[in-house]
Amino acid sequence: MSKPDEVLVSVRGLKTHYSIRGSFLDRLVGKTGAAVRAVDDVSLELRKGEVLGLVGESGSGKTTLGRTLLGLVPATEGTVEFEGQDITRLSEHDRRLLRRRMQIVFQDPHASLNPAMTIAQAVGHPLEIHGLAHDRDDIRARVADALERVGLAPAEQFMDKFPSDLSGGQKQRAVIARAIILNPVLLVADEPVSMLDMSVRAKILELMLALKHDFDLTYLYITHDLATAKFFCDRIAIMYLGRIVEIGPSEAIYADPKHPYTQALLRAIPEPDPRRTIPRDLPRGEVPDASRPPLGCSFHPRCPKAFEVCGWEARDLKELLERRWAGLDEAGFEAERAAVGPVEELDVPKTRVRLAAHGGAQGADLRGILERARAADPAEPFWTGVRQVQDSNGAIEVEWHDPVEPRLLPSGSVEVECHLYDEAALAEAARRRQIPHP
Amino acid sequence: MTAVLEVRDLRVWYGTARGSVRAVDRVSLQIGAGSVLGLVGESGSGKSTLGRGILGLLPDGARADGEVLYKGRNLVGMSQRELRRMRGPELGLIFQEPMTRLNPLLRIEDHFKETLEQHESKLTDKEIRRRSLDTLGRMGIPPTRFRQYPHEFSGGMRQRIMIALALVLRPSLLVADEPTTSLDVIVEAQILRILADLKENFDTALLLITHNLGIVAEACDRVAVMYAGQISEEGPARDVFADPKHPYTRELLRSTISLDTTELHSIPGAPPNLISPPSGCRFHPRCPDVMRVCPAKDPIETQPDPDRRVLCWLHGPETEIPDGGTAPAERARIAVAEEA
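The listed protein sequences correspond, in order, to chains A and B.
The first sequence runs 70 to 507 under my numbering.
The second sequence runs 69 to 408 under my numbering.
Rather than coming from a laboratory, the hints here were simulated on the basis of the structure.
No residue lacks a Cβ here, since even glycine has one placed at the ideal position from N, Cα and C.
There could be a bad hint or two in this list.
What the hints assert, rightly or not - Simulated coverage check for chain A against chain B, where a stretch passes if three residues somewhere in it have a Cβ under 8 Å from a Cβ of chain B:
| id | region |
| --- | --- |
| 1 | 172-181 |
| 2 | 290-300 |
| 3 | 388-395 |
All chains, full assembly: derive it from the sequences and hints.
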């Protein structure tokens, strides 16, 4: 057995950005396109023999983080040390050698097996790729052993079958056999059970736990499902828009979730308990575009507990107006829309914006719209962020409090990146609240 | 409860190279006006086929027999022309993958225009616009986005648009086949919230087809559990979850991984193929409570409570069980490899 606190993988300041190609004209004049910050400054450690759950919605960057960890996607910045070697700086040849020690299981078992390869060929393929076995009988014997390990026994019955002959659960077993045939120390499992039926999920998770024990494996379990993660993981890292917003021991995260996002994820899980109903106070909207993340804390536009310094800005006003208009009748909407003009002008990451009145309306009309919106929902956190609204010659100028950048800070036995747990941010918000509006 | 739709003895089967598949085998169901019925089962249980069978949307080569009664008329055997006229204004459908069901070349506005013009040709452009914006607004889609294209919307928004497209015709029954499967958990809950509120906002009944028991528990009034083409158990969702009568329901509940799960549990074996299903009760090879009668005789539907029904010999009728039939039977060993 390994020592409990021995670090297997150490990730420091990791950033993985994908550049988006700009328009043809942009490229002609040499302008570089924007970047999707899929992983944006992540640091974490994976200890030997543990199961770390990486939990988040699609677009949170969890899959990219898993792939960067294996060197399948180049890191933009930062380091990933695996057994003391920084894999971001290795040559392709050296990285290949390391990959014998780290394997991945993908989400879709139907897509991760080549339909033209028999199960024996697929499971034995890593041995050939890495040149670890040449003798056909040797490969077959090792494939048979791997298949029996994952419960596909007797192996003879499966070796010459094609993926299309197997059920989803059996395919996933074969994929796992392929992943363990090289005797890896690290297994990245990217949503290994989410494509499977409920009654099969438990079997695959049980298999993974047994293999972890037999082979002394370390897992990075990537999932959107907090229920399986709770059962499976020693520690949990919650990701949102490329950043870890909360990380700590599983018991602590589930007993006392700190980040409002973690709390929302937990409440949203449909539970087979008829006394429960779907919560009504869920965060609105969806994960925003990672190429244009919100200012301040990325979660603030959806957060029910956001306040002054969380990063309120022009785009939040656009969303507020659109939400309001979705609930108005056509005449009410048309009148307000005519006065505000194209809301696209608000689609900028700025804390100060000038909103011109359109269609013969005055600044006072725009102010009136904002006041009505506020009266309709005074508890909306957006209003805490508004520093002032000034009339200026047929327009209004709206200004928001400057954001305080969130930091991952220790809180009890976990670390959390939220201003609610940051004394400095809370003090700053209190200070701004006391300054009278000019 | 007045039923908006009643299914009686519906059978659906289709031919394959290996034989005929009995995907739906003598299913009877009622959906009450304005209520939500959850239809739950594993893949291959026939739940999607049943949903499509109700709407007359079976693929070529499939045959249906029995009755699907809607407003006193049997939809089985109705001409395609007549069915098409009913689909939309009477019976709506929401699919799993919202992106593949919206035309990428059409603005949202045009989707609504096309839908409304097809079924309510007398509407003026102004009325079409008002009805569409009103329905979209109730789904939380702002009117400023009416002229955008499907790709400009997120996954959750597209599903809201699909629901609005179905609801704009004011159907009295909506069939939703795994409507949240490709969505993230928070968005899934948002969509379920909308679906569960349909009766208050639109007076629409809903048949919600899903493999997720959690969704049924939270969003449905009643639940029907489907196994190998048959309804094993049906009743008020609350009662069925609190006190499942069929061993399959009980085992399915136990194997669902939830936040309260402290140990993993699974049902041995895999759902049977429907070309040659097991004799007697189709669940008997996997059933922990299997009795001698189970493989020998087809189970008979009974009502353990006035409002519930179950297809399992554990609940009788005793007069039909041969002597010694209730003695426990040996369950054949199931190899891990046989499992799904």
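To see whether the hints hold, each was checked on the structure:
Interface restraint, the region 172-181 of chain A with chain B: violated (0 residues with C-beta to C-beta distance below 8 Å; minimum three). Check on the region 290-300 of chain A: 7 of its residues sit with their Cβ under 8 Å from a Cβ of chain B, so the three-residue criterion for coverage holds. Under the rule that three or more residues need a Cβ within less than 8 Å of chain B, the assignment of the region 388-395 of chain A holds, with 4 such residues.
Taken one by one, the earlier hints fail for this structure only at number 1.
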